[in-house]
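Protein sequences, first through last, are from chains A and B.
For the first sequence, this note's numbering gives the first residue as 1, with consecutive numbering after it.
For the second sequence, this note's numbering gives the first residue as 1, with consecutive numbering after it.
Hints are computed from structural coordinates only; laboratory data are not their basis.
Treat each hint with caution, since some may be false.
[To be verified] The calculated lysine-lysine pairs, modelled on DSS-like cross-linking and capped at a C-alpha distance of 25 Å, are:
(1) K402/B to K117/A
(2) K117/A to K401/B
(3) K157/B to K101/A
(4) K159/B to K34/B
(5) K159/B to K230/B
(6) K91/A to K101/A
(7) K157/B to K232/B
(8) K402/B to K231/A
(9) K401/B to K231/A
(10) K402/B to K232/A
(11) K159/B to K232/A
(12) K35/B to K157/B
(13) K10/A to K230/B
(14) K402/B to K101/A
(15) K10/A to K163/A
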Amino acid sequence: MKKSGYQRVKRMTLFMRLNHWVVAVCMVAAVITGLYIGHPYYQTLIAEPAVDKYVMAWNRWVHFMAAIIFDVSSIVIAYLYFFSRFEKPYKKLIPNGQNIKEFWEVFVNLITFNRVKRFDSSHEDSFHVVFFTVFHLMLAWMLLTGLQLYVHGLGSGMSSIGKWWPAMLHWATDWTVVVTGGSLMDVRVSHHLTMYYILIWIMFHIYYIVWRTIFWREGDISIVFGGYKFKKSKSSQGA
Amino acid sequence: MNREHLRGLFSAKSARVDTNRGEEYYNSLFERCKKRVEELKRLEPVNGVDIMEVLEDEGVSRRDFLKWASAMTATLMLPASFTPLVAEAAEVMNRVPVIWLELQDCAGNTEALIRSDGPKVDELILDIISFEFNETLMTAAGHQAEEQLEDAMHHFKGKYLLFVEGAIPVGAGKEWCTIGASGETFEEHLHRVAKDAAAIVAVGTCATFGGVPAAAPNPTGAVGVMDIVKGKPIVNIPACPANPANMVGVILHYVLTGQIPELDSLLRPKFAFGYRIHDNCERRAHFDAGEFVEEWGDEGAQNNFCLYKVGCKGPMTFNNCSIIRYNESVNWPIGAGHGCIGCSEPDFWDKYAYERPMADANIKAPTGGVEKSVDEFGLGLLSAAAVGIGIHAAISAFAGKKDEGDE
Numbered sequence: 001m002k003k004s005g006y007q008r009v010k011r012m013t014l015f016m017r018l019n020h021w022v023v024a025v026c027m028v029a030a031v032i033t034g035l036y037i038g039h040p041y042y043q044t045l046i047a048e049p050a051v052d053k054y055v056m057a058w059n060r061w062v063h064f065m066a067a068i069i070f071d072v073s074s075i076v077i078a079y080l081y082f083f084s085r086f087e088k089p090y091k092k093l094i095p096n097g098q099n100i101k102e103f104w105e106v107f108v109n110l111i112t113f114n115r116v117k118r119f120d121s122s123h124e125d126s127f128h129v130v131f132f133t134v135f136h137l138m139l140a141w142m143l144l145t146g147l148q149l150y151v152h153g154l155g156s157g158m159s160s161i162g163k164w165w166p167a168m169l170h171w172a173t174d175w176t177v178v179v180t181g182g183s184l185m186d187v188r189v190s191h192h193l194t195m196y197y198i199l200i201w202i203m204f205h206i207y208y209i210v211w212r213t214i215f216w217r218e219g220d221i222s223i224v225f226g227g228y229k230f231k232k233s234k235s236s237q238g239a
Numbered sequence: 001m002n003r004e005h006l007r008g009l010f011s012a013k014s015a016r017v018d019t020n021r022g023e024e025y026y027n028s029l030f031e032r033c034k035k036r037v038e039e040l041k042r043l044e045p046v047n048g049v050d051i052m053e054v055l056e057d058e059g060v061s062r063r064d065f066l067k068w069a070s071a072m073t074a075t076l077m078l079p080a081s082f083t084p085l086v087a088e089a090a091e092v093m094n095r096v097p098v099i100w101l102e103l104q105d106c107a108g109n110t111e112a113l114i115r116s117d118g119p120k121v122d123e124l125i126l127d128i129i130s131f132e133f134n135e136t137l138m139t140a141a142g143h144q145a146e147e148q149l150e151d152a153m154h155h156f157k158g159k160y161l162l163f164v165e166g167a168i169p170v171g172a173g174k175e176w177c178t179i180g181a182s183g184e185t186f187e188e189h190l191h192r193v194a195k196d197a198a199a200i201v202a203v204g205t206c207a208t209f210g211g212v213p214a215a216a217p218n219p220t221g222a223v224g225v226m227d228i229v230k231g232k233p234i235v236n237i238p239a240c241p242a243n244p245a246n247m248v249g250v251i252l253h254y255v256l257t258g259q260i261p262e263l264d265s266l267l268r269p270k271f272a273f274g275y276r277i278h279d280n281c282e283r284r285a286h287f288d289a290g291e292f293v294e295e296w297g298d299e300g301a302q303n304n305f306c307l308y309k310v311g312c313k314g315p316m317t318f319n320n321c322s323i324i325r326y327n328e329s330v331n332w333p334i335g336a337g338h339g340c341i342g343c344s345e346p347d348f349w350d351k352y353a354y355e356r357p358m359a360d361a362n363i364k365a366p367t368g369g370v371e372k373s374v375d376e377f378g379l380g381l382l383s384a385a386a387v388g389i390g391i392h393a394a395i396s397a398f399a400g401k402k403d404e405g406d407e
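Please construct the entire structure, taking both the sequences and the accompanying hints into account.
Shown next as structure tokens:
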């Protein structure tokens, strides 16, 4: 596997890779079921009695399950941003000279179609970390608006796990109503629109990784499967 | 964002209703209420109307009245032991003076009260309230009417309940909405009458959130009562029209306890707006089953399927109409085959009242002006991103440089 002149660079731990694919599966599930909840786009057979179908209920169940796995994963990722023993992504977010320069160079690399490349591409760069942070912020927004929509169904103030759950959700998410425009519908519209922003993010993410793989020739796409990419050992690129 | 906004941001109260506060609480409340009702009984009635006579004239038996009293006790979330007290409170309701102002509106709330075919207890109770002033119902006009208002405000200073129906225009052109011979604007009129009120009850969505007059582009700058009147207890009873049962509930609560009922973050009484339409809807099973009315009059409509796909906003609307319905429980919009239009929520005309699900709702583009549905807007963004990526990919393929490798 290892060619002479190439060196393996570990970029993702086993946990990070597992998390990536869990999130990816949840994402697909949440989008498919979320679109149905927003506008039921297929019909259920009229001849069947209602009790056999439960189509909306299953869609919502899958949506909530995907969401809660998402939420837990997001909390873990937020923790790892600061306390990971592998790489602490927050270090690349601090707007110091080094990070700003790196961010700019990676961006230049993208818009010059890899004709200009003045950074070490073997390690995670500032541009990519900012890009992923945007994703996590959008997910956090989905988490908060989604839980706000969810808690509407707990109007009695009770839940199967106790009163603290709806109380906590109100405490944590009621402000989303105010900032989105003052009505419950605004939260719903925002939740739906943010899905589109996330889909755009995903499109670019997949494109960018494939693009890096093709143009950098360092096997970037294998990071998420095997955890490693490959770096030319005798290159003149600065470290 | 000013301080008021920030305060609202962090003090939003949930719609949670505490229906059981323990025996001790209810015992002391009962004593307090009893004392208050007895005090009221000692007062001279403001008008000579006696509830029992009115009920008898309309053919409502004592038994029907007591049935109503127990239902109202439950609506107010009080224990059954309060029923006799609620009945007594209803009998002394003519001791509480009410001034009813009508501003920028269609008089729909008054109409809802007086046009019911075969008035039931709720409507009759409102008959016996001492309406000191109500533009639509009173016989006086002009200077005479104004005198009556002055009289009532003077005589019951600090004691009257002020009911407000209709939005208040505060934008450009507000001077066109005047009332009375002196040409007072609605805003001045409301401020003047509100000053000496014990509490204000905003009835209907126009008075609470601006309602239809405040719908985009809101040409008169219409706002609700709570937006301009400060420093007074305000109860909002939105809905278009507000349910008479909820109006009676608020007045009864006031008569009984001398206080306004517990409110949610939008100042709506929790006993009425602590429920989501969707959760008590008779068509909810069809929602869960995925059985929807696809178009008006289709097979699903004939089978009372869920109206979500033709725009029902029950899942985001808090009101008790799915429980108590309208016109003494005869029917309500969803029962009649049309989805909820969220008429008791803020901005309902722009954001709720369309016969499509939310994903097909028109939203304002960030540039303003052109309206697109959420999905159209989202798909537009997706397409733009796809085109951008395609261009980048094409130029990369032709002009990009691949890094040196072992070829």
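Evaluation of the provided hints:
1. Note on K402/B and K117/A: the hinted pairing holds, with a Cα-Cα distance of about 11 Å set against a maximum of 25 Å.
2. Of the supplied pair hints, the one linking K117/A and K401/B holds, its CA atoms being roughly 10 Å apart against a limit of 25 Å.
3. Restraint check for K157/B and K101/A: not satisfied, since their Cα atoms lie roughly 71 Å apart, outside the 25 Å limit.
4. Annotation: proposed proximity of K159/B to K34/B holds, straight-line Cα distance about 19 Å (limit 25 Å).
5. With a C-alpha separation of about 18 Å, the suggested pair K159/B and K230/B falls inside the 25 Å cut-off, and the hint holds.
6. Between K91/A and K101/A the alpha-carbon distance is near 14 Å, which keeps this suggested pair within the 25 Å criterion.
7. A threshold of 25 Å between alpha carbons decides the hint, and for K157/B with K232/B the separation of about 14 Å falls inside it, so the pair holds.
8. Restraint check for K402/B and K231/A: satisfied, since their Cα atoms lie roughly 14 Å apart, inside the 25 Å limit.
9. Annotation: proposed proximity of K401/B to K231/A holds, straight-line Cα distance about 17 Å (limit 25 Å).
10. Between K402/B and K232/A the CA atoms are separated by roughly 14 Å; this keeps the pair inside 25 Å, and the hint holds.
11. For the hint pairing K159/B with K232/A, the CA-to-CA distance comes to about 86 Å; that exceeds 25 Å, so the pair is violated.
12. Restraint check for K35/B and K157/B: the C-alpha separation of about 23 Å stays at or below 25 Å, so the hint holds.
13. The suggested pairing of K10/A with K230/B is violated, with an alpha-carbon distance near 63 Å, which exceeds 25 Å.
14. Taken as a hint, the K402/B and K101/A pair is honoured in the structure, with Cα atoms around 23 Å apart against an allowance of 25 Å.
15. Proximity of K10/A to K163/A is assessed by CA-CA distance (about 45 Å); at most 25 Å being required, the pair is judged violated.
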